[in-house]
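Novice: Chains A and B supply the protein sequences, listed in that same order. Last residue of the first sequence? That's 1663 in the working numbering, and every number before it is there in order. Last residue of the second sequence? That's 238 in the working numbering, and every number before it is there in order.
Because the hints were derived from the structure by calculation, they are not lab data. Check before you lean on any hint, since a few could be wrong.
Said to hold, decoys possible - Heads up, incomplete: computed chain B residues facing chain A, CB under 7 Å, no partners named: (1) V101; (2) A182; (3) L193; (4) G214.
What the hints assert, rightly or not - Taking CB as the label site, the calculated pair distances span: (5) T1650(A) - W150(B): 29 to 35 Å; (6) W150(B) - I1559(A): 40 to 46 Å; (7) T100(B) - L1534(A): 33 to 39 Å.
Computed from a predicted structure; not experimentally measured. Where a beta carbon is used, it is the ideal one built from N, C-alpha and C, also for glycine.
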Amino acid sequence: MFNYNFRWNQALSSLPQMLEGALVTIEIAVLSMAIGITVAILLTLFRLSGSRPLSAIATTWVEIARNTPALFQIYMVHFGLGGFGIHLSPYLSLLIGIAFNNAGYLTENFRGALKAIPETQTRAARSLGMSPIQAFQNVILPQMLRISFLPMTNQMVWAILMTSLGAVVAMNTDLYGVTSELNARTFRTFELFAIAAVIFYVITKAITLSARLLAARLFRY
Amino acid sequence: MFDTALTANDLVFLAKGAGMTLLVTAISVFFGTILGILFGVIRYQIGPWWATPMTLVLDVFRSIPLLIQLVLANAFITTVLGLRISGFAVACGVLSLYTAAYCAEIVRGGIESVPQTLRRAARSLGMTWGQDMTYVVLPLATRVALPSWIGLALGVMKDSALVYIVQVVELLKSTQILITRLQEPLFLLMICGLFYFLISFPIARFGGYLEKRWSND
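With the hints as constraints, model all of the structure from the sequences given.
Specialist: Structure follows, in structure tokens:
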């Protein structure tokens, strides 16, 4: 037991490359969250619109996103769309896959948040002469985003963790991709992935902490 | 689209993959829940301060991608310790701990939802700690924790798609193998996705129903 030579120096020498990968990981997570939140707001509007086909689209999206593995969704974007002759780069496939997943989960979070906002507020806003869109935009939306701030933070952490799934579409510029490529060259599996794990840990902790600080500043009453 | 090269043998192959997915999930959820309840009760019992080391360790499982956890565990066991152990065992072990990390939080939340006064009343009636736990806390905490636990179990089933990295051929991996051979990605992925959906959707709905039914209002 333990006749294994740890070679931390060798693995640590590739730290700059891995940190660059970490930047790509953060970039994908942030972009996917931005797209996810936008789409989720749109889907929430679909649900509120009262139109049957529109809310059917929203429900289908949410149920598929929540009831199949994220890995499957990314795979579907890359190879499934490939079946239609649409070939996306690994980067785009990963981004779209994660954004799809985010949008589904966030729509469900928004639904929960909407329940906490009294129906009477919409009616009050409408009585004041606001159009339905104005009422949503000025009265409902800010509260909805505030209530679902914590779930959104969690989703952001999930987005970071999900970037590692890019492995399945041969993504090689994000943190996981860079690490596994270095691994294929040097075979220092344990050392390299331990470093990657530490980087992931630091990123997720930084996100939760900064979100908490941000919430404390933003949501003072 | 229905003109496919898929044979009965391939379907059996897919079914085996699906069976593997369910097996890994069942084992991990079973052991993960036992460990999770244990950790959750300990965490509650000794208070947040003394439980800090445990919370930190469990937190690691929730802050690092499962894929990396699997690779690390596999590398540690097979190359660092030099043990001969199957990928299946590694997958089940890692997934169990992963489940336990989430389950501990759910259990703690469940216990905390039981009003302190109710438990003091139980103890005042002469119930022992064990009786208090089994007759007062367990039924009440279950109502709060069960819907989340169902969500967790489904989450583990979906996350079990990642165990391909330690050479376990589960549903998604077997689909992948067939795609490489048959070159019909869309059709095969539909089958695979449908399987996950058909298992996950009804159970998720049931969880939602329980949550609504059991909420205190």
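Novice: Taking the hints in turn, state whether each one holds.
Specialist: To see whether the hints hold, each was checked on the structure:
no. : hint                           : result
1   : V101                           : holds (5 Å)
2   : A182                           : holds (4 Å)
3   : L193                           : holds (6 Å)
4   : G214                           : holds (5 Å)
5   : T1650(A) - W150(B): 29 to 35 Å : holds (34 Å)
6   : W150(B) - I1559(A): 40 to 46 Å : holds (42 Å)
7   : T100(B) - L1534(A): 33 to 39 Å : holds (35 Å)
Hint compliance for this structure: no hint is broken.
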